[in-house]
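*Asks:* Residue numbers (my numbering), protein chains in the order written: chain A, 5 to 661; chain B, 364 to 868; chain C, 23 to 533; chain D, 208 to 389; chain E, 355 to 454.
Watch out, some of these pointers could steer you wrong.
With a cut-off of at most 30 Å between alpha-carbon atoms, the simulated DSBU-like pairs for lysine-lysine come out as follows [what the hints assert, rightly or not]:
hint, chain 1, residue 1, chain 2, residue 2
1, A, Lys30, A, Lys205
2, B, Lys777, A, Lys30
3, B, Lys433, B, Lys566
4, A, Lys591, A, Lys608
5, A, Lys591, B, Lys433
6, A, Lys381, A, Lys563
7, A, Lys591, A, Lys175
8, B, Lys777, B, Lys471
9, A, Lys31, A, Lys175
10, A, Lys175, B, Lys806
11, A, Lys31, B, Lys471
12, A, Lys591, A, Lys381
13, A, Lys205, B, Lys566
14, A, Lys175, B, Lys823
15, A, Lys381, B, Lys806
16, A, Lys30, B, Lys566
17, B, Lys806, B, Lys823
18, B, Lys823, A, Lys31
19, A, Lys563, A, Lys386
Calculated directly from the structure, the hints in this document are not laboratory data.
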Amino acid sequence: MTANLNLWLFPLLPLAGAAINGVLGKKSSRRAVTTIALFFSGAAFIWAVKVWLAVMFTRDPRWAGVLDLPHTEFFAHWIRITGFSADFAFYLDQLSLVMLLVVTGVGFLIHIYSVGYMWDDPSYSRFFSYLNLFMFFMLTLVLANNYLLMFIGWEGVGLASYLLIGFWFTKDSAASAGKKAFIVNRIGDFGFLIALFLLIKHFGSLDFEQVFQGVSPLASETGEAGLLTAISILLMVGACGKSAQIPLYVWLPDAMEGPTPVSALIHAATMVTAGVYMVARSHVIFERAPTALMVVAIIGTLTAFFAATIGIAQTDIKKVLAYSTISQLGYMFMACGVGAFSAGIFHLMTHAFFKGLLFLGAGSVIHAVGGEQDMRKMGGLKSYIPWTFLTMSIATLAIAGIPPLAGFWSKDEILWKAYQVSPVYWGIGVVTAFITSFYMFRLLYMTFFGDYRGAQVDAHRHGSDGHDSHGHGEPHESPMVMLVPLMILAVLSLVGGFVGWGNHFERFLAPVFGAGEVTAEAASRVTEWLLMIVSVTVAALGWWLAYLLYYQRPDLPQKIANSLGSFYQTLVHKYYVDEIYAAVFVKPLVDGSTRILWQGVDRKIIDAAVNDSADGARHASDEVRQMQSGNIRSYAGWIAAGSAVVIAFMIWMAVGR
Amino acid sequence: MSTESLSPIILTLVTFVPLAGALLLMLLPRRDRDIRVFALVVSLLTFVLSLHLPVYFHRAQAGFQYQINKQWVSTPNIHYHMGVDGISMWLVVLTTFLTPLCVLISWKSIHERVKEFFILLLILETALIGVFTSLDLFLFYFFWEATLIPMALLIGIFGHERKVYAAVKFFMYTMIGSVFMLAAILWLYANTGSFDFVVIRDKIASGAVPGFAAAAQWLFLGFFLAFAVKVPLFPFHTWLPDAHVEAPTAGSVLLAGVLLKMGTYGLLRFNLGLFPEQSRQNAWWVMTLALIGIIYGALVAMVQPNMKKLIAYSSVSHLGFVVLGIFSFTQAGLNGAMFVMLAHGISTGGLFMLAGVLHDRRHTYEISEFGGLALPMPVYAASYLVIVLASVGLPLMNGFIGEFLVLSGAFQDKAVYGILGATGIIWSAVYLLWMYQRVFYGKVTHPVNNSMGDLIGSEKMAIWPCAAAALVMGVAPILWLGAIDPAVHAALAPFAQVVSKVVGP
Amino acid sequence: MILTPAALYSAGTYSPTLPQSADYVRILPEIILSIFGMTVMVLEPLLDEETGQKVLGLIALVGTLAGLGATWFMAQAPGLAFWNMVQVDGFSVFFHVLVIAIAAVVILSSYEYMTVQRIRAGEYYALILFGVVGMALMSSAIELVLIFIALEISSISSYVLAGFRRHEASSAESSLKYFLLGSFATAFFLYGVALMFGATGSTNIDLISKTLQAGPLPLLASAAVAFMFVGLGFKVAAAPFHVWTPDVYEGAPAPIVGFMSTAPKAAAFAVLLRVVFVIHVPGMLRLIWVAAALSMTLGNMGALVQNNVKRLLAYSSIAHAGYILVAFAASPQLGTSAAMFYTAAYAAMNLGAFAVVSHFANAGERYVTLEDYEGLGRSSPLLAATLTVSLLSLIGIPMTGGFFAKFYVFSAAVQANLIWLTIIGVLNSGIGAYYYLRIIVMMYMRESRREVPVTPVPLALGLALAVCLAATLYLGIFPGGVLQNAQDSARQFAPQTLHEGSAPALVSTVP
Amino acid sequence: MLGAGYSVLVMNFHLILFLAFGAVCVGGAVNLLVQRHPINSALSLIAVMAALAGEYLLLGAEFVAAVQVIVYAGAIMVLFVFVIMLLNAGEEEHTNGSQVAVLLGVPGMLTGSVLMAWVVLRHSRTESVAIGALPGPPNDIAQLLFHDFLLPFEVTSVLILIAIMGAVVLASKPEAAAGKVE
Amino acid sequence: MVPLSCYLLLSGFLFACGVVGFLVKRNIITIFMSIELMLNGVNLSFVAFAAHWHALAGQVFVFFVMVVAAAEAAVGLAIIIAVYRTRETLNVDQVNLLKL
């Protein structure tokens with residue numbers, strides 16, 4: 005075609021950055037590394053903006069035919085065999101455009117932030133090459149035009165997160181966390197793969213367009229079992245792994261072992277939302293499998309609530325955010341489950357803003373107090389680090405759903421859609437909203453208000469965190485390079501919600517998800533308002549409760565905890581899920597393989613059989629040797645007997661005929 | 364002159380250049396350095412020659428190419444008949460690719476009886492290539508048996524503590540396995556009057572073989588047993604861990620990289636090619652064995668305290684994929700099987716080289732002896748990670764393509780096969796990453812490991828090509844599949860109705 | 023006067039009164055060999071020890087070479103001689119060449135052994151030469167009585183040779199065992215001849231077969247064949263008549279073992295071939311089927327745990343006799359050619375092995391246990407390499423004669439639909455690999471713990487080894503020539519098929 | 208009367224003689240087995256041979272009979288006796304080193320011989336041989352020996368040569384060898 | 355007139371006696387003698403069959419057998435002497451150095 009968008013640039017730019025830093029980084033200076041990393045991620049972002057602008061506003065005839073989305077660009081052959089093929093080809097529509105902007109944008113900001121955060125880390129270049137590598141895979145995932153290419157990104161981001169979680173690999177916990185993340189994701193991918201096989205088997209292709217064309221004529225399945233239901237549920241399994249939903253969420257909290265920017269980028273803003281994106285992308289299939297949709301909704305709802313409750317009792321600032329992330333993802337899946345894909349994506353975007361901000365803020369806090377992550381050792385920081393405080397409080401308001409910040413819009417949208425399907429979802433959603441605002445403000449108060457409970461920061465507190473040079477005396481504000489991204493994100497969290505004003509966002513995505521849901525029926529405007537009020541009040545309540553417990557009466561929480569006793573412990577220990585998994589899956593598997601399979605079957609049965617037969621042969625051999633008594637007469641005896649047999653045989657043969 | 368004019372004799376060249384090199388090597392004085400260099404040159408020359416095959420290969424065309432067919436013995440009617448199709452060609456290239464790397468990886472680690480070592484290595488290469496190139500059943504068996512001795516000697520002479528036990532076990536296992544194949548081959552000759560693969564195949568297909576119906580099942584089993592031991596399939600695999608643990612690095616590389624492929628190649632070429640009917644009838648239990656191999660091998664690998672044993676069992680698991688793919692009789696399955704063969708050859712070969720690097724420095728394979736190696740030897744750690752990821756089957760690495768195709772093929776054949784097989788991708792991640800963590804992450808547990816030097820030149824030259832190949836094969840599998848696909852298509856011709864399933868409704 | 027082939031044929035006018043020149047030409051090798059044998063015998067007293075060792079050996083060697091030359095002349099004049107006593111055909115020529123060549127190699131490899139073991143050279147070489155005369159006659163004789171005498175010649179010479187290290191108790195004992203049991207078995211053979219004479223009134227194989235084909239089969243003939251089989255089975259060490267082999271081989275001088283295990287065996291097989299395929303009586307094939315299976319199994323089983331190399335090789339020779347018998351059980355033409363090829367290949371590889379053993383055994387044959395071979399691969403690579411090749415050939419690894427030998431035998435068996443025998447055979451060859459491998463393992467994979475002197479390889483032995491090696495490899499890579507020869511001679515004398523379970527023989531079906 | 212009786216005697220003369228010689232043969236053979244001292248065994252063997260010579264005569268093979276007595280009973284057995292004397296072999300003590308011989312060999316032999324007896328009887332039931340059935344005068348024998356069987360006859364010379372040489376080698380005093388040993 | 359079978363049976367009996375002697379006698383020389391006995395048995399059947407077939411060849415064979423027997427005797431006795439020199443015994447049961 006005459007002109008195209010060179011979509012292949014998106015993945016390849018960060019890849020180039022990753023390659024350069026990975027190969028030359030060790031030798032070159034920090035400055036050089038920084039330039040490379042920022043240049044390539046920034047370039048991707050700028051290109052994304054350019055594409056967006058082009059799509060939105062260009063009316064240049066030259067671009068006609070290019071810009072009417074969806075738009076596919078073939079790059080190269082990948083796998084081609086008789087009856088099946090998958091290519092490197094990129095697919096751009098409104099959905100992937102949104103993701104594109106979010107990923108490159110937030111990603112770029114976090115790159116900038118990391119420059120400050122990781123400056124003193126000995127393996128600075130390694131970090132950035134990993135980060136760029138992540139961008140590469142994430143963009144591949146977003147832009148893929150077939151499930152297999154998507155799977156590359158899917159597994160690739162898993163790899164990147166494995167590497168980044170285990171970035172400080174000398175810490176065993178970090179290494180294990182990375183491994184855990186990868187393996188749990190693999191379990192999800194298992195489901196994903198099976199889904200792909202089903203698709204291949206029944207549609208002979210993995211290209212989105214072909215698959216969806218194949219699917220769309222099929223009637224919506226009502227029954228429990230059914231091809232599309234199976235496919236959807238299997239895809240959902242994959243999503244559960246990637247987006248940390250029940251039952252595969254366990255890896256995300258551990259993932260906080262990674263450097264904070266990583267938590268912000270991968271485990272809040274982008275990678276973990278890949279599941280949502282994938283479900284939304286496959287909405288054509290899901291919409292025809294109501295059972296599957298229900299499953300998605302239920303999983304989402306439960307996860308939202310469940311994770312939120314755990315969030316209450318956590319004291320590690322990043323852990324709190326991690327569980328809140330899980331819970332927010334739950335919201336997104338709830339949205340998809342009720343068919344409100346655009347709402348889900350909307351929340352995905354806003355969440356990327358404020359949750360990214362929260363993590364970066366937390367990072368700045370940790371940075372300030374020299375690596376301390378336990379909120380009980382913080383407090384009263386707002387005077388030390390005002391900027392961080394300001395931005396983080398904005399984010400908190402946003403996530404808590406206080407209008408008119410971003411979170412309010414998207415969450416409210418979801419709750420409203422959920423209500424339309426079933427009040428139950430809505431109910432749980434609201435309760436969750438309450439809890440959310442409670443623990444978020446709890447975090448805020450514990451961290452910034454009251455008076456500083458932490459010891460004087462000594463230079464080497466966060467040894468593993470690798471910044472050891474500074475940390476003089478009292479907590480200190482972060483450098484500008486870290487604050488700027490905070491501020492930008494804060495602004496976005498403030499105003500980001502307004503794109504949803506009057507269903508603009510929905511309209512924008514309508515070509516993808518179909519126009520059916522855009523027409524909000526005027527009749528139920530009232531209910532919508534009512535619900536909105538309810539959720540806002542609930543959020544306010546949560547705030548108030550947090551204020552009460554953690555600002556006015558800081559002694560209360562302990563009392564309450566004591567009174568709750570075991571239940572509280574259960575929360576603190578995250579419902580003992582890790583322990584249960586360890587007891588039910590991990591241990592039996594390892595022991596069984598060792599005792600039964602390896603020592604048992606392999607050694608005691610198969611190998612023993614082999615060796616025994618060898619010994620048997622040797623014994624037989626000994627028997628045979630006994631013939632050789634060395635006595636001539638015995639030998640003669642053998643010969644005589646033998647000859648008798650021979651004679652008898654021959655005569656018998658002769659007489660026989 | 365254009366190098367294409369070599370085509371008629373290229374296979375002979377590729378096969379026998381290493382042997383000639385070995386013979387020359389015998390005459391060379393015992394100056395280790397010269398010997399190493401010479402061996403390297405010979406193996407590289409072979410590699411370059413073998414590149415002729417893919418370069419001038421007519422990809423679209425399914426049949427055998429570069430054929431050479433001369434009578435060797437008049438009665439019995441044995442022909443020197445060689446030729447490659449898309450299937451065997453890549454295995455030849457794989458062999459010639461791995462051998463120079465074996466020479467390099469042995470550069471420093473072998474310091475006594477160097478001459479014998481490289482002579483054996485080169486002889487082994489000739490035998491291996493011969494196995495893949497020969498189209499005359501007799502010739503095939505000839506090379507097949509010929510691989511035994513050098514391998515057994517490599518293990519037995521240059522191996523570690525229990526080398527003798529391992530060598531003898533390896534030898535006897537394979538020997539006894541293959542005699543049944545000999546019997547089957549003899550039967551075929553007796554009733555077709557030819558050893559020529561193509562001739563026999565056509566005669567069987569046209570039903571012109573007296574008493575075939577009665578014997579077919581036994582013939583199938585005769586071939587199958589020989590190959591199953593070599594692969595190795597589940598109950599016949601116990602020679603593999605011992606052989607690997609005791610073998611010198613180069614030995615392990617060729618053993619895992621190529622020797623095991625002889626088995627799968629045999630299944631693909633002969634069991635499928637000659638006895639399609641029986642193959643289909645027996646597929647169910649063969650695939651079951653393969654599945655057991657996949658899961659069982661992985662689980663056992665997971666709990667191995669010894670790095671080489673772990674890799675060995677992982678081979679059992681991976682080769683299970685190959686067999687699964689072959690007996691799914693689907694286009695995807697066979698393509699995948701072929702690709703897994705190549706991928707496994709590269710990545711597992713690489714893993715063994717890396718394990719060997721550790722052994723050279725610490726003389727142990729016990730995982731517990733290491734830990735936190737990423738600090739003292741970062742380059743090593745990075746290379747190791749790449750190979751591990753390739754072996755785990757990460758997309759864009761060679762492992763993924765094959766496994767994906769195999770599993771999708773198996774799934775098309777019977778869903779449950781695909782599903783059970785797909786658990787393999789979880790297991791592989793578990794045992795390899797766990798091993799990697801125990802070896803490289805955490806603090807350095809044994810002080811002695813702090814002083815371990817990073818990769819040296821020859822090791823880099825040996826390992827990095829593997830990593831590169833793993834990557835290229837993952838990104839551009841089309842280069843390989845392009846030639847494999849038509850051959851596989853032809854191989855599946857007798858299974859027409861099965862093939863049709865691939866395209867779907 | 024010099025005999026040219028042309029002259030022979032012109033002289034071929036047969037008169038009942040006196041033997042013609044052609045008759046003499048047809049036994050020329052025997053004559054030449056006997057003459058040289060006597061020369062050696064006569065010269066022996068005239069020479070002192072050292073010169074004797076050398077010169078006599080040389081003469082003997084020349085004698086064998088001359089014998090080979092004579093065989094060429096003989097081959098030019100195929101046909102009957104001495105009133106149907108001997109028949110010169112491809113078959114007999116093949117075995118003449120084989121046997122005489124074996125003798126040559128043995129003489130070469132004995133060359134040094136003699137001095138080391140302090141053996142009186144004269145009788146030794148003379149006995150070998152005379153023995154060869156007997157064996158050569160066995161292969162060409164078609165008259166049972168002549169066969170019997172020839173058999174006795176070869177046997178008695180080997181009895182004596184076995185006892186040559188007579189200051190060794192073991193040698194004397196092996197000689198005694200061989201002698202007593204040998205003559206015991208020969209008596210059986212003789213009785214068989216008598217019964218055959220009684221059954222048919224003749225002792226000429228051709229006449230016998232004609233008579234038997236003509237009329238109904240007399241019971242006596244079957245019994246006669248049974249008796250003969252006992253005698254011959256003993257000579258070829260086929261189960262259950264193999265019991266003597268290990269003891270005798272262990273005690274006898276190593277080079278002689280090499281000789282005994284190849285030449286007389288080959289000759290005996292030649293006779294057996296004639297008896298089985300020319301005088302054919304029903305049931306013979308099945309009998310041989312059983313004998314083959316037994317020999318293979320017992321031989322391999324017995325060898326598994328042997329620690330004395332000579333003994334181990336003795337058991338292996340039993341097993342190999344079994345393999346050859348497999349060929350007998352097959353259809354005549356393929357079977358015959360396969361057996362012929364096998365004997366040749368077996369001769370090559372076994373002689374090689376024993377040459378090394380005899381050199382390595384050293385004075386008084388002190389080093390013959392497996393432990394002594396530890397680290398041989400290091401201390402003397404060449405010897406080890408040669409032994410390895412021979413052993414690999416015995417295992418039946420490609421590129422060696424043993425491989426093709428086994429291969430032809432089994433393919434002959436399969437083509438005769440002897441599937442089970444084939445399976446037993448291949449399984450045996452699989453198991454048998456183990457004990458040959460043990461020796462290789464010892465040589466290469468173990469470090470020598472004991473001090474074993476390795477003397478440099480002298481020229482003669484080196485030559486012998488080279489010949490064996492070359493032969494083994496030649497048969498392993500270009501088997502065509504020898505096999506073709508074997509098949510042609512087989513076609514000459516063996517009937518197309520027998521009226522007993524054997525598939526249509528298909529020789530060379532080139533598509 | 209006398210004539211009749213004489214004729215009867217003549218009629219059965221052959222049978223009687225056969226039985227007489229046969230009895231000696233059997234007795235000698237059995238005696239060879241039961242005798243403990245080798246000398247006795249040797250003597251009984253000589254008896255057997257002599258009796259066999261008689262049987263040969265009955266069959267008309269007079270030359271064979273003569274040679275049997277001269278060469279066999281004379282030369283060969285003398286050799287035996289000589290050796291027995293030389294090694295002054297005494298009573299053989301009854302060691303039983305071999306069960307196989309007794310448990311396997313003898314029964315095997317018995318079955319074998321029974322079978323053979325049956326075969327022989329079945330082979331030639333009624334036909335009988337007259338006394339002196341086939342006279343073998345030396346000149347006829349010579350005809351065969353030096354014409355038809357010329358080759359075997361010549362070859363036997365080689366045989367004898369070997370025998371002599373073997374005897375020389377093996378029986379020569381080992382001192383001759385021992386001198387070389389050291 | 356004596357039936358041929360009688361001669362054959364006699365010869366067979368002698369042969370059998372020889373075999374038994376080989377099996378049961380302990381003295382090497384005696385064993386050797388029993389071999390001679392076997393040969394004699396064979397000779398008888400040769401002559402008998404000669405008479406049966408009216409083929410003089412049968413009688414000629416006997417000469418050859420005798421020659422062979424003589425040769426065997428010479429060698430055999432020499433061997434026995436050699437054994438006696440090294441082992442100081444003629445008991446066959448004690449000549450079993452080589453075994454297994």
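*Asks:* Sort out which numbered hints this structure fails and list those numbers smallest first.
*Replies:* Going through the list in order, the structure violates hints 1, 2, 5, 8, 12, 13 and 16 and respects the others.
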